[in-house]
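Peer 1: Residue numbers (this note's numbering), protein chains in the order written: chain A, 19 to 134; chain B, 2 to 113.
Since the hints were made in silico from the structure, they are not lab data. Some hints could be false.
Here are the computed lysine-lysine pairs in the BS3-like style, where the Cα-Cα straight-line distance is at most 30 Å [unchecked claim]:
| hint | chain 1 | residue 1 | chain 2 | residue 2 |
| --- | --- | --- | --- | --- |
| 1 | B | K71 | B | K57 |
| 2 | A | K31 | A | K75 |
| 3 | B | K70 | A | K75 |
| 4 | B | K57 | B | K70 |
| 5 | B | K71 | A | K75 |
| 6 | A | K75 | B | K27 |
| 7 | B | K27 | B | K57 |
| 8 | B | K27 | B | K70 |
| 9 | B | K71 | B | K27 |
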Amino acid sequence: KAGVTQTPRYLIKTRGQQVTLSCSPISGHRSVSWYQQTPGQGLQFLFEYFSETQRNKGNFPGRFSGRQFSNSRSEMNVSTLELGDSALYLCASSLVVAGGLTGELFFGEGSRLTVL
Amino acid sequence: SQQGEEDPQALSIQEGENATMNCSYKTSINNLQWYRQNSGRGLVHLILIRSNEREKHSGRLRVTLDTSKKSSSLLITASRAADTASYFCATVLSGSARQLTFGSGTQLTVLP
Numbered sequence: 019k020a021g022v023t024q025t026p027r028y029l030i031k032t033r034g035q036q037v038t039l040s041c042s043p044i045s046g047h048r049s050v051s052w053y054q055q056t057p058g059q060g061l062q063f064l065f066e067y068f069s070e071t072q073r074n075k076g077n078f079p080g081r082f083s084g085r086q087f088s089n090s091r092s093e094m095n096v097s098t099l100e101l102g103d104s105a106l107y108l109c110a111s112s113l114v115v116a117g118g119l120t121g122e123l124f125f126g127e128g129s130r131l132t133v134l
Numbered sequence: 002s003q004q005g006e007e008d009p010q011a012l013s014i015q016e017g018e019n020a021t022m023n024c025s026y027k028t029s030i031n032n033l034q035w036y037r038q039n040s041g042r043g044l045v046h047l048i049l050i051r052s053n054e055r056e057k058h059s060g061r062l063r064v065t066l067d068t069s070k071k072s073s074s075l076l077i078t079a080s081r082a083a084d085t086a087s088y089f090c091a092t093v094l095s096g097s098a099r100q101l102t103f104g105s106g107t108q109l110t111v112l113p
């Protein structure tokens, strides 16, 4: 079974631009989450999608948005990029276990964004 | 913000020794999970322990959970150079479905 696939793996943007990152979850997984990882703030939850609906959102400005398609693939978008948005963006998929609680997450290799 | 802290921040041991990492958290949890991350790569799930469990084993891994102290520990026995990685604990907060809150991580270096 193929793992979580994230594209692109690396990208460089300049301040003010926008970026779209893509994530294909493991087949059969309907929950997709996004995390930002930086040296200073560590791993922080961005948002989670299930059945094309955003279910949870972390404490990030509105410049960070996402969506999920009917095939469970997800995209996240960051508009008006700032230097501080440079980070490794990780996507994870999971099965929704009983009670809707979080079981294990399966992570992709991440998209490393550098903002100049 | 992060749920808690991991201790130590960095750990260096010889191959064959045991490695113990600790994780503390602040609020009630549904479960606690441990993940491993090789440099610049994605995270790999190691083990999940539920709030009503006290200890769990998986191969060379042993995880304990003390909900009264809001702490967990990960023990890796007979470590190998390939265990060199960052290890993160992550909590699922009570009432917070499908969202992990990660600790700050422990960087483990196993010297051959």
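Peer 1: Indicate, hint by hint, whether the structure satisfies it.
Peer 2: Status of the hints after comparison with the structure:
Using a Cα cut-off of 30 Å, the hinted pair K71 of chain B and K57 of chain B holds, with the two alpha carbons roughly 16 Å apart. For the given pair, K31 of chain A sits about 25 Å from K75 of chain A by alpha-carbon distance, which is consistent with the 30 Å threshold. For the hint pairing K70 of chain B with K75 of chain A, the CA-to-CA distance comes to about 28 Å; that is within 30 Å, so the pair holds. Between the alpha carbons of K57 of chain B and K70 of chain B the distance comes to roughly 17 Å, so the proposed pair stays at or under 30 Å and holds.
About 25 Å separates the Cα atoms of K71 of chain B and K75 of chain A, which keeps this hinted pair within 30 Å; it holds. With a CA separation close to 20 Å, the supplied pair K75 of chain A and K27 of chain B stays within the 30 Å bound. Under the criterion of a C-alpha separation no larger than 30 Å, the hint pairing K27 of chain B with K57 of chain B is consistent with the structure, at around 21 Å. Between the alpha carbons of K27 of chain B and K70 of chain B the distance comes to roughly 9 Å, so the proposed pair stays at or under 30 Å and holds.
Between K71 of chain B and K27 of chain B the alpha-carbon distance is near 7 Å, which keeps this suggested pair within the 30 Å criterion.
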